[in-house]
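Read top to bottom, the protein sequences are chains A and B.
Per this note's numbering, the first sequence starts with residue 207, numbered consecutively.
Per this note's numbering, the second sequence starts with residue 45, numbered consecutively.
Treat the hints loosely; a few may be bogus.
As the list claims (entries may be wrong) - Straight line, CA to CA, 27 Å or less: simulated DSSO-like cross-link-like pairs of lysine-lysine: (1) B:K66 x A:K237; (2) A:K237 x B:K76; (3) A:K279 x A:K237; (4) B:K66 x B:K76; (5) B:K54 x A:K517; (6) A:K517 x B:K46.
Treat the hints as calculated values from the structure; they're not laboratory data.
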Amino acid sequence: MNPWLVAVLGFLAALGLMLVNGVVMIYMLRKVLGRLHIRLGPMDNGPWGMFQTVFDVLKLLSKEDPTPRAADKALFFLAPVIVFVPSVMAYIVMPFSRTWVIADLSYGLLFIFAAMSIIPLGILAAGWSSNNKWSMIGAMRIVGSQVTYEVPMLLAALSVVMMAGSLSLSDIVAAQSGTFLWVFPRWFAWNVPALILFFISGLIEASQTPFDLAEAESELVAGFSTEYAGMKFGLLFLAEFSNVFIFSALLVTMFFGGWQLPWVSPDLPWVQTIAPLVFVFKTYLGIFFIFTIRGTLPRVRVDQMLATGWKVLLPASLGWVMITGLVIKIGQALAGVR
Amino acid sequence: MKIYGSGILKSMRIAYRNMLRKPITVQYPHEKVELPERARWAVAMKCDENGDHKCTACMACERACPDHIITLDFTTAEDRSKHIDRWRYEIGACMMCGLCVEACPFDAIEMSHNYELAVTDPGLLAVELLTDVPAVSAKRKTTTGTSSKPEGDEPSESKEPGTADGGADD
Numbered sequence: 207m208n209p210w211l212v213a214v215l216g217f218l219a220a221l222g223l224m225l226v227n228g229v230v231m232i233y234m235l236r237k238v239l240g241r242l243h244i245r246l247g248p249m250d251n252g253p254w255g256m257f258q259t260v261f262d263v264l265k266l267l268s269k270e271d272p273t274p275r276a277a278d279k280a281l282f283f284l285a286p287v288i289v290f291v292p293s294v295m296a297y298i299v300m301p302f303s304r305t306w307v308i309a310d311l312s313y314g315l316l317f318i319f320a321a322m323s324i325i326p327l328g329i330l331a332a333g334w335s336s337n338n339k340w341s342m343i344g345a346m347r348i349v350g351s352q353v354t355y356e357v358p359m360l361l362a363a364l365s366v367v368m369m370a371g372s373l374s375l376s377d378i379v380a381a382q383s384g385t386f387l388w389v390f391p392r393w394f395a396w397n398v399p400a401l402i403l404f405f406i407s408g409l410i411e412a413s414q415t416p417f418d419l420a421e422a423e424s425e426l427v428a429g430f431s432t433e434y435a436g437m438k439f440g441l442l443f444l445a446e447f448s449n450v451f452i453f454s455a456l457l458v459t460m461f462f463g464g465w466q467l468p469w470v471s472p473d474l475p476w477v478q479t480i481a482p483l484v485f486v487f488k489t490y491l492g493i494f495f496i497f498t499i500r501g502t503l504p505r506v507r508v509d510q511m512l513a514t515g516w517k518v519l520l521p522a523s524l525g526w527v528m529i530t531g532l533v534i535k536i537g538q539a540l541a542g543v544r
Numbered sequence: 045m046k047i048y049g050s051g052i053l054k055s056m057r058i059a060y061r062n063m064l065r066k067p068i069t070v071q072y073p074h075e076k077v078e079l080p081e082r083a084r085w086a087v088a089m090k091c092d093e094n095g096d097h098k099c100t101a102c103m104a105c106e107r108a109c110p111d112h113i114i115t116l117d118f119t120t121a122e123d124r125s126k127h128i129d130r131w132r133y134e135i136g137a138c139m140m141c142g143l144c145v146e147a148c149p150f151d152a153i154e155m156s157h158n159y160e161l162a163v164t165d166p167g168l169l170a171v172e173l174l175t176d177v178p179a180v181s182a183k184r185k186t187t188t189g190t191s192s193k194p195e196g197d198e199p200s201e202s203k204e205p206g207t208a209d210g211g212a213d214d
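So that you can see chain B by itself, here it is in the shape it has in the complex (with noise of 0.2 Å):
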């Protein structure tokens, strides 16, 4: 049988236990916690050892995302080698879901740890990942990695078609 009112100091008992307890509050702007290791934050471009990207321009990101809110421009120049116009990615529509990165072959991108994507201008919220920048070859990836010297060709299969597929394209 219960008692009249013995629920009410139960409870008051309970409240004054947590009392007792530290508070498990993060006072977040001041101190933040630690990110488990596989948090999926805003996308991200992964370098390799020399601080360049890797992307291939496969469009595997693009066609695997859900929000469609990554766009891949590329052009192609006659000895087939892209070209990256633009990679761009809305954060404000992205849902985190991380399918991307899974559907990149070559381990181009990830989900980084940045979680504060809070900004002033709602402009702010599309960015361009990569501009303007040529497109690893994705044959070419192991040769680079032992010669680790595709610099001397780059800029120049660059330069040209940029300027030839520019106008092919449009």
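Just chain A, with the same shape it has in the complex (with noise of 0.2 Å):
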């Protein structure tokens, strides 16, 4: 097939998942935080209130789109799309299977580091264009934090990629196979240390509570996405749910064997083919619990949140890269003494 045709149908695939993501994801917030507080979530807009976000995203669509007076009208309009397609990017590197990826790229992980990266530009973008005092405080909080968290989660990816010896997904995937100690598969969930340093920093990355102070909706209105409505604001707010979903299929990815079952051989066909359900379950488990500390623990201030990143994670996760890289060398030798 035309190699052209095929990136734009890839792209597109990317495209489609990440807005029906979206959608459920949004459903499945307010369902989680209901049955946190006792509730039931929406009820009402089919069965179980299954069309709500539906309803939600027809109305996002027929609202009136202002634009501030004072707002740097360029600069608006660019910054929600600024925004999304890094999002949209991220997804073309997630291996859902063996087959299942858009694009195997063999620096993967770095790739997707890179497109998330550009995400603070854009949220920049739109609290400088929005000339309101509240996006500007948001929007220089989450570049803070992700500026700060960046460093300690590439570090706590770093250590799983020296386990995993690749930058590529689908490597560090497959080297997550098989069991040791006969009992326990090996995924490098075992590497505690990393898994809880990624954990936090990837929290603060897809701004989520406890670390949400970009759109602190007590103190800041809603951040950097105040001045926005219509669907402007509909891909800010998708770009948020998306990037929690990649946030979690990089944990599975990385830490919880991605598509792969435990205890079952990887090279069964119907492991294949079951493959892409179980990538999507381990990632929607990854994403409740997510939810649930949403719904569970309050803010942090925002000088807390700063102190801890440079003074405890950033040292911390330095700290494991180097005890990691310590032990992996040590085992080599002895490996090579044997």
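Both chains are sitting in their own frames, so use the hints and assemble them into the complex.
Take a look at the structure:
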């Protein structure tokens, strides 16, 4: 087939997946938060309120989309796009199974981090161009926190990369097949400090509660998206939910064996058939956990968050990278001696 | 000594425990809670066994109302029988305190259980519970209970003062 056609189809698949994910995740968020509060969540539209988000999307699409008079018009228009596009890009390298991957890049992990690091730029553009103090404060906060926590996140991922010996997400998944000591799946989740470091900094990168300082409703109206309405707001909102999905998918890929089932050989044909389902299921389990955290923990202060980032997480992740490297080298040396 | 992070674990445990509990939501338009017997909502007229009102136009409720939202206009005939022109009640300003019901010596009004009071037309927030009806005579109340035949004279009674006193009052 024409490689351009394949590329376009792949991009459209990523876009479709992202949109569907957004709708499903917003519904799921409401239901999960509702159950946490001993409520029911949306119940009226469709069975168990399933079509609630669909109607919400229709509402967003049909809304008037005003631009504030004092706004920087060009940036105000561009910012949602700058936030949205990297989010779609990150889907391109996600391995849903051995064959279900749009582009199996040998540096896939680096590609995702590179793409996601553009997002703060778009958010800063959104906050700046809105010409609104709340937007600006929210944007400054999110940029500060994301720049801070990108470093420990990368370093935590680095220790996984060292264990897998590759930056390709497919290779990282493949390195997690099989079991050790006959019972435990050889998942990198046993690298607990890296998992914790990655999880905390990932929560901040996806700006989820307890670190959602960027849009802290009780302090900043809605943060950088205060002045946005209609589908521009929809794009920002969708990108945020998509980032949660990407973060959870990365977590599954790097620490929980990706599309593989535990204790089952990944080479069996039926495992290959249900691999995308397993991957999505695991990802949604992670999202469920993130949403329950969102419904439980209170928001931290911005100074607490930045201090933790620079003073605790950064040294801890550097130290852990060193320890992982030492352990791997010692293991190799011992294997060589034997 | 507290372990660092134990609060987070405790809160998560409580959150997951909450998830297992049955939701307490009442899906209001589809299902409704049963109100307690003495719940106080919109004031309504009580009816006796014949379906007639029991208001004697004694003005106790109007005087008792702290919000001044009950307006009782009546005219008195020559034979001192009263005719209620209107018993007006503004639901929109009512705070459901129940003082009018407590003040009523004839048990003629009650705090009903009608709590669905939202209307689309603000004009509907003021209702007339009684319009142009003869008041029950406070004295004759016991006799009407036994004979239950005041229908014969009441229309004539009400018609006469209604025309005569209407002019006299104004």
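Now the hints, each set against the structure:
Using a Cα cut-off of 27 Å, the hinted pair B:K66 and A:K237 holds, with the two alpha carbons roughly 14 Å apart. Only pairs whose Cα atoms come within 27 Å are accepted, and A:K237 paired with B:K76 is accepted, the gap being roughly 22 Å. Straight-line distance between C-alpha atoms of A:K279 and A:K237 comes to about 37 Å, which puts the hinted pair past the 27 Å bound. At roughly 17 Å between alpha-carbon atoms, B:K66 and B:K76 fall within 27 Å of each other, so this suggested pair holds.
Between B:K54 and A:K517 the alpha-carbon distance is near 26 Å, which keeps this suggested pair within the 27 Å criterion. As the CA atoms of A:K517 and B:K46 are separated by approximately 22 Å, the hinted pair is consistent with the 27 Å bound.
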